[in-house]
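Participant: Let the hints inform the model, and build the full structure from the sequences given.
Given next are the chains, with one letter for each unit.
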Amino acid sequence: MKIRVKAFARFREILGSDLALDLSDGATMAAVLTTLRDRAGDEGDAIFDETGTLRTHVILMRNGRRVNRKELDTLVLADGDEVALFPPVAGG
Amino acid sequence: MIGITRDVIDAGSMIEAAKKPGMGALVTFCGVVRDDGGVERMELEVYEEVAIRELEAIRDEAMQKYAIESVDIVHRVGSLSVGETILLIIVGAGHRKEAFAACEHIIDRLKQTVPIWKKEFYRDGERWVPGEAGGQE
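Which chain is which? The protein sequence lines are G and W, in order.
Residues 1 to 92 in our numbering are what the first sequence spells out, letter by letter.
Residues 1 to 137 in our numbering are what the second sequence spells out, letter by letter.
Source of the hints: derived by calculation from the structure; they are not laboratory data.
Fair warning: there could be bad hints in the mix.
[Claimed, not checked] Derived EDC-like pairs (lysine to aspartate or glutamate); straight-line CA-CA distance at most 20 Å:
#	chain 1	residue 1	chain 2	residue 2
1	G	70	G	49
2	G	6	W	61
3	G	6	W	45
In this text, all values refer to a predicted model and were calculated from it rather than measured experimentally.
Facilitator: This is how it looks when you write it as structure tokens:
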């Protein structure tokens, strides 16, 4: 299935603005994050800590809605879902 | 009006357009690119679909919470120079006190929840402006 990933600000510079990931059916949000961590390589330190866990300040969304950290392993994605990740906002 | 724009924000015409007969006060907040230790320009980016939805939610919340008649919010993105308007909020109300309170509430909420980011460019470098607390539950 295809998952679209949007990254913004510093994370866009690391991951690219708009990625299309091809994942096996039933993939969870945690699987998406593993794929992104591999893609980011050393620069991923801004997004993931040394254990590979998403840093606490990172905001994660699925289809425009925030995802709770407790759901990462159980949240199964669907074909066409949009995942977004970004640092704390700084508008105004 | 709620909007994200890449064009220059014309505050005067927006204020005129916001006026209605029952309003005795229009309070505006105008955010501007500041020369902060040598900033020459700024680039702003947005997660547009979510930003529009958040701005609409902030407007709706303010309309419920305060005795006001209208809320307009336009936020600019793209490349901006020092002195250019980043953001214009206009709150129209019968009386000034509620309009001032609502306007301050709106800008505070906007800075917490609307997915927009700023990168400052100096003559010899650049940096992302750190956001306010934004971690998640």
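Participant: Run every hint past the structure and note whether it holds.
Facilitator: Do the hints match the structure? See the list:
1. With a CA separation close to 17 Å, the supplied pair residue 70/G and residue 49/G stays within the 20 Å bound.
2. A threshold of 20 Å between alpha carbons decides the hint, and for residue 6/G with residue 61/W the separation of about 28 Å lies outside it, so the pair is violated.
3. This hinted pair checks out: residue 6/G and residue 45/W have alpha carbons roughly 12 Å apart, not beyond 20 Å.
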